[in-house]
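S.K.: Chains W and Y supply the protein sequences, listed in that same order. Mapping of the first sequence onto our numbering: position 150 corresponds to residue 150, and the numbering continues sequentially without gaps. Mapping of the second sequence onto our numbering: position 98 corresponds to residue 98, and the numbering continues sequentially without gaps.
Hints may contain errors.
[Unchecked claim] Short, incomplete list of chain Y residues facing chain W, as computed with Cβ under 8 Å:
# : residue
1 : H95
2 : L128
3 : I191
[What the hints assert, rightly or not] Taking beta-carbon pairs under 7 Å as the criterion, some of the chain W residues facing chain Y (in silico):
#  : residue
4  : V44
5  : P46
6  : S101
7  : P138
8  : G179
9  : E185
10 : K186
11 : Q195
12 : I200
13 : L202
Rather than coming from a laboratory, the hints here were simulated on the basis of the structure. Positions of the beta carbon are idealized from the N, C-alpha and C atoms, including for glycine.
Here's the letter readout for the chains.
There are 2 protein chains.
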Amino acid sequence: MPENKSKVKRIPKRGFYNRKEIYSFLDTQFLCHVGFVHKGYPVVIPTMYGRDKDVLYIHGAAISRLLTELEKGVAVSISVAQVTGLVLARSAFHHSLNYESVVVFGTGTLVADSDKEKALKIISDNVLKGRWEEVRKPSLKELNATKVIAIKIDEVSGKKRDEGVSDDKTDYDLDVWAGIIPIHEKYGKAIPDSQLKDSIPLSKSIKNLYK
Amino acid sequence: MPENKSKVKRIPKRGFYNRKEIYSFLDTQFLCHVGFVHKGYPVVIPTMYGRDKDVLYIHGAAISRLLTELEKGVAVSISVAQVTGLVLARSAFHHSLNYESVVVFGTGTLVADSDKEKALKIISDNVLKGRWEEVRKPSLKELNATKVIAIKIDEVSGKKRDEGVSDDKTDYDLDVWAGIIPIHEKYGKAIPDSQLKDSIPLSKSIKNLYK
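Let the hints inform the model, and build the full structure from the sequences given.
M.R.: This is the structure:
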């Protein structure tokens, strides 16, 4: 594996390599973009994930092409990013985004049948903590129809910008509004299934989303 | 290039291939995840983009490793995804996400100096339409410090789920709340730069964000 693959070279102050910090960002997100090489070509696919220790888990239908490829033990790169604001400067050049992102390099392996349910719970917990305990657990048939891939995190780096505008000295005199437009992701009002029985309230895991 | 690389095989009804529909989704987003093969390994990096006709543009510092790699004319895969809701079923197995996503396969080429400013405007317009006209345009020095890569979209496919819960018949009797939790991305209140002159109001492009 090439060395220092994950070193942030551009604007090094924005890079972070502390696994604690990286993992705490990964644990706030659940959508990742998984890249692998197929017949010499790159393929990037979005999917949800969960993390436990130094492993990311992704899952899907047993017949999924992505997973069938990854279980062969191929190298993967995984990107997770969150944009938190538009950085609007007085010059086009100094426009930017505020964001946090993590790039992972690792290798996929198939999760054994005996560990599958535990791995699925890790993904479920990462999307909505506590939901797993509230719902019907997978049947053997459902587990058999599901494949889970574990991706050991071999190398990883984070990048973050969370600052104001930085313009050229001579541009501060321009009559241009400059500043930050924050971007927030919010959970909207829960929409009950049309067949939901009247007496059933929102469960605890869902209520926690709005706290 | 392998044929049918971009065919959605899992749950085919969720796939869409109409470029008009695909491009209209791409034009609502500005964050992409670019994958390429470097020394045999996959690398996926998040970056912003803009689209014009069948080309995606990405940019960065002239010395960026990503762009220096892509200008060699290597194959790239680009993933763009938006999660629009949590699909909370009565069984773990039927949990899902509502989302829209597009996967692009293409080839990167370096944008010539003479076309660079136009390409940068395309990216800028995609992030915040109208901003380009409000700010100081790039100087020659700034243009020289910037590299732009054009990625011709050779193959592309979209995938979308925008539905309610679909549970097994026997699960509808369970006392579990089921339904959709929508996820919205919103622009927060503009935060003026600390050095902004008092008399300068929000510009038109920014006001349009809140409409």
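S.K.: Mind listing which of the numbered hints don't hold for this structure, in increasing order?
M.R.: none
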